[in-house]
Amino acid sequence: MKIKLFYFARLKETLKYSTEDLELESSAEWTVLKLKNYLAQRGDVWGQMLMGKLKVRAAINHELVHDGAVIHDGDEVAFFPPVTGG
Amino acid sequence: MTVRVQTEDFNVGDEIKRLQGSRKDIGAIVSFVGLVRDINDGDAVAQLTLEHYPGMTEKSLNKIVDEAKVRWNIMDVLVIHRVGTMQPCDQIVLVAVAGAHRGEAFAACEFVMDYLKTEAPFWKKEQTPSGERWVEAKESDDSAKARWN
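Just so you know, the sequences run in chain order A and B.
Taken in order, the first sequence gives residues 1 to 86; the numbers are from my numbering.
Taken in order, the second sequence gives residues 1 to 149; the numbers are from my numbering.
Worth flagging that the hints you see were computed from the coordinates, not collected in a lab.
Among these hints, one or two may not hold up.
Said to hold, decoys possible - Here are some, though not all, of the chain A residues that point toward chain B, as calculated from beta-carbon distances under 7 Å: (1) K16; (2) A40; (3) G74.
To be verified - Calculated from the model, a selection of chain B residues having no Cβ within reach of chain A, i.e. all distances over 12 Å: (4) T7; (5) R18; (6) G42; (7) A44; (8) Q47; (9) H52; (10) S60; (11) R102; (12) Y115; (13) P121; (14) W148.
Even for Gly, the Cβ is constructed at its ideal location relative to N, Cα and C.
Extracted from the complex, chain B is given alone in its bound form:
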């Protein structure tokens, strides 16, 4: 299980290959990539800055991945979350799950994202034409997390 918090961009293909490694028993790899959009809440977004809590960020992501392992019989999980300043179209986060079959891999991937959105200590700040603003947490993210209770 690998969790990385970094400023650098990542290559999804390379990371998935690395996740598979030399294992011959992986039948499914499900991945999610989160991207920066150029619009949010009706306003144009020129730039996004991701702040985080060094120390807690990695712990939080590891805890979420550990929980996914308990709930589903999966073989490996990779989470990469970028921090710092990004532009529209940039990649923010990658969650990849390897399993024997697609059922558990899909479920675990969605679970990790739903928990990451509500528990991992990251905060987004947008630059819009009218100035900078902090992104508000969404109730829909709390609802998404609650589905897994």
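Chain A extracted, bound-state conformation:
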């Protein structure tokens, strides 16, 4: 299945990626946590940022979700640090 990924703030800066299209194995069920782990396998900063000390929040199709949320084909997934607006 195909998804679109977005990264924001410190995550975007460190990973040096703001967006990417990703193809994932369709037979498996992809949760946010499984995706974080998968991306962390890229090594170096990916592991540090996604599975390290920094809290990483996620959104699927513009809705905040928890790590257990399931990702579907065509979804827009975003990873970002805790928000600091206002």
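Given chain A, work out where chain B should sit, using these hints.
Relative to chain A, chain B alone:
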């Protein structure tokens, strides 16, 4: 209910007048303005940059406003949040709530801000004498939000 994400500054007086419009049944308008300070965590701040998630930002603010409408009998809400680069003393955000009475207007205004601080996808980056840094989310903001559970 109006939600705006913009780079331009806003005029609070004008926005409040516009919120009231020609309605004669509004008895209370409560407003909050968030400003850029020149100091944070003991360091001088020369400049603040607000990043956001286009698409989700507006949805998130609308969701928060909708929740406020469900919880309180209010007549209208306006949220304006700026993005981009700002200087100390600049306005960042305006939340204005119109109601028949002050009770619900005050509560709804505070609620919207507490939820905005913890859910709306904005991120602040400060320029200090020792360089740039991302502002950390505060536990006190999570506590403030939890009060409304």
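Consistency of the hints with the structure:
With its C-beta approaching chain B no nearer than about 15 Å, K16 (chain A) sits outside the 7 Å limit, and its interface hint is violated. Residue-level restraint check for A40 (chain A) is violated (minimum Cβ-Cβ distance to chain B is 21 Å; threshold 7 Å). The beta carbon of G74 (chain A) is not positioned within 7 Å of any beta carbon in chain B (closest approach about 15 Å), and the interface hint is therefore violated. Against the 12 Å criterion, T7 (chain B) stays outside the reach of chain A, whose nearest CB is about 14 Å from its own CB.
At the 12 Å boundary, the C-beta of R18 (chain B) stays outside the reach of chain A, the nearest C-beta of that chain being 22 Å off. For G42 (chain B), the non-interface assignment is confirmed: its Cβ lies about 17 Å from the closest Cβ of chain A, beyond the 12 Å cut-off. The Cβ of A44 (chain B) sits about 19 Å from the closest Cβ of chain A, beyond the 12 Å cut-off, so the non-interface label holds. Consistency note on Q47 (chain B): stated as away from chain A, and its beta-carbon is indeed over 12 Å from all of that chain's, at 15 Å minimum.
A cut-off of 12 Å between C-beta atoms contradicts the statement that H52 (chain B) is not in contact with chain A; the least separation is 7 Å. With 12 Å as the threshold on Cβ separation, the claim that S60 (chain B) sits away from chain A is violated: the shortest Cβ distance comes to roughly 7 Å. For R102 (chain B), the requirement that its beta carbon stay farther than 12 Å from each beta carbon of chain A is met, with the minimum near 22 Å. Residue placement check: Y115 (chain B) does not keep its beta carbon more than 12 Å from all beta carbons of chain A (closest about 10 Å).
The beta carbon of P121 (chain B) sits about 6 Å from the closest Cβ of chain A, which is not more than 12 Å, so the claim that it is off the interface is violated. The claim that W148 (chain B) lies off the interface holds: its Cβ sits roughly 15 Å from the closest Cβ of chain A, which is beyond the 12 Å cut-off.
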